[in-house]
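Visitor: Sequence:
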Amino acid sequence: MNDINFTEKEREQIDRYLDMLISKNKVLNLTRITDYDEMWVKHVLDSASVLPVLDEIGTKKLVDVGTGAGFPGVIIKIMRPDIEVVLLDSLKKRLVFLDEVIEELGLKGIKTAHERAEEACNPNRKDGYREMFDTSIARAVARLNTLIEYNLPFVKPGGHMIAMKGPGVNEELDEIKNGLNTLGGKVKKTYNFSLENGDERNIVVIEKIKATPKKYPRMGNKPKTQPL
Numbered sequence: 001m002n003d004i005n006f007t008e009k010e011r012e013q014i015d016r017y018l019d020m021l022i023s024k025n026k027v028l029n030l031t032r033i034t035d036y037d038e039m040w041v042k043h044v045l046d047s048a049s050v051l052p053v054l055d056e057i058g059t060k061k062l063v064d065v066g067t068g069a070g071f072p073g074v075i076i077k078i079m080r081p082d083i084e085v086v087l088l089d090s091l092k093k094r095l096v097f098l099d100e101v102i103e104e105l106g107l108k109g110i111k112t113a114h115e116r117a118e119e120a121c122n123p124n125r126k127d128g129y130r131e132m133f134d135t136s137i138a139r140a141v142a143r144l145n146t147l148i149e150y151n152l153p154f155v156k157p158g159g160h161m162i163a164m165k166g167p168g169v170n171e172e173l174d175e176i177k178n179g180l181n182t183l184g185g186k187v188k189k190t191y192n193f194s195l196e197n198g199d200e201r202n203i204v205v206i207e208k209i210k211a212t213p214k215k216y217p218r219m220g221n222k223p224k225t226q227p228l
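Numbering (UniProt numbering), first residue to last: 1 to 228.
Because the hints were derived from the structure by calculation, they are not lab data. Take these hints with a grain of salt, some might be off.
Stated by the list, open to error - Here are the simulated lysine-lysine pairs, DSS-like style, with alpha carbons at most 30 Å apart: (1) 92 x 108; (2) 224 x 214; (3) 177 x 215; (4) 9 x 92.
Claimed, not checked - Label-pair ranges, simulated between beta-carbon atoms: (5) 158 x 215: 17 to 25 Å; (6) 123 x 192: 32 to 40 Å; (7) 191 x 38: 19 to 27 Å; (8) 195 x 157: 14 to 22 Å; (9) 195 x 123: 32 to 40 Å; (10) 34 x 103: 21 to 29 Å.
Beta carbons: idealized from backbone N, C-alpha and C, even for Gly.
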């Protein structure tokens, strides 16, 4: 996970992205990390750590759920330009910034979506995103027992959900057994590693083995307040 090589073009694009983020963060609260070197480790290297997993599972179309300032979705697009990426977030001001990043870097095959996950996956919507993706990904968004209900409905049967987590993931894995059975997923693999600063990271890969029942995800914040 740590053996990541960047081309000169990738570094130039990422540097421009971080410069834009540092500047915009002075007026918008996009990230609590404001130091360039710390951003490189905790945002860029952390985001890039998922690339071998995406390569292994053959991701062609990906949604970054709760993308925030664009991690990991923007880094994935920069380093794997063939992957089609949707950056989904419920806060418009974040997406306005990301639209500026996309235009400034000249990125293609990537777009933003101003949506709540449960609304984007409503089975009655013809313009929604339900079971449209090979992979859904979430980084530092919520506990796994909440994430699975928000993320698995985006994924086609046979696809994967990826949760990028910090330490203590084993307890969270114990909490999702019943929920996974209900939602149509199973844990495929968990990768444990450390960033170069020593921070522990875990990547949880969940395979979508059957379609998610149409009543999920539930509305009204229930995946968080009443996890399955």
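Visitor: Against each hint, give a clear statement of whether it holds in the structure.
Guide: Evaluation of the provided hints:
| no. | hint | result |
| --- | --- | --- |
| 1 | 92 x 108 | holds, 21 Å |
| 2 | 224 x 214 | holds, 18 Å |
| 3 | 177 x 215 | holds, 19 Å |
| 4 | 9 x 92 | holds, 29 Å |
| 5 | 158 x 215: 17 to 25 Å | holds, 22 Å |
| 6 | 123 x 192: 32 to 40 Å | holds, 35 Å |
| 7 | 191 x 38: 19 to 27 Å | holds, 23 Å |
| 8 | 195 x 157: 14 to 22 Å | violated, 33 Å |
| 9 | 195 x 123: 32 to 40 Å | holds, 39 Å |
| 10 | 34 x 103: 21 to 29 Å | holds, 24 Å |
Checked against the numbered hints given earlier, this structure breaks only hint 8.
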